[in-house]
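Generate coordinates for the entire structure from the input sequences, incorporating the hints supplied.
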Amino acid sequence: MLKSILILIVLSLFLGTAAWLFFIWAVKKGSFDDMEGPKFRMLEDDDEPHPSGQDQTKNNTDGDTPST
3 MLKSILILIV
13 LSLFLGTAAW
23 LFFIWAVKKG
33 SFDDMEGPKF
43 RMLEDDDEPH
53 PSGQDQTKNN
63 TDGDTPST
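So the working numbering is basically just the index in the sequence shown, starting at one, shifted up by 2.
It is possible that part of the hints are untrue.
So the derived label-pair ranges between C-beta atoms look like this [to be verified]:
hint : residue 1 : residue 2 : range
1    : Glu38     : Val12     : 57 to 67 Å
2    : Gly39     : Leu15     : 31 to 41 Å
3    : Leu13     : Glu50     : 51 to 61 Å
Think of the hints as simulated: they come from the structure by calculation, not from any bench. Given the structure is predicted, the values throughout are model-derived calculations rather than measurements. All C-beta atoms, glycine included, are put in the ideal place defined by N, C-alpha and C.
In structure tokens form, the structure reads like this:
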């Protein structure tokens, strides 16, 4: 009984320390520097229009016309 409790305590301390060290590493690498930027960058339209002015969708090449 006592041996299993000691193993669980040591294991939980090891995992907690590992998680804390990983968090400190992530902060130092800059993972949390810009938390607001990505949600605004996804709204920007950086796509250039197609040079020929046509859609970039595939043409129907097998001769079938789609039913509407």
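Against the structure, the hints come out as follows:
Under the hint 57 to 67 Å, the C-beta atoms of Glu38 and Val12, about 40 Å apart, miss the expected range. A C-beta distance of roughly 36 Å is found between Gly39 and Leu15, which places it inside the suggested range of 31 to 41 Å. Checked against the given bound of 51 to 61 Å, the beta carbons of Leu13 and Glu50, roughly 55 Å apart, stay inside it.
This entry does not satisfy hint 1, going by the numbered hints stated previously; all others are met.
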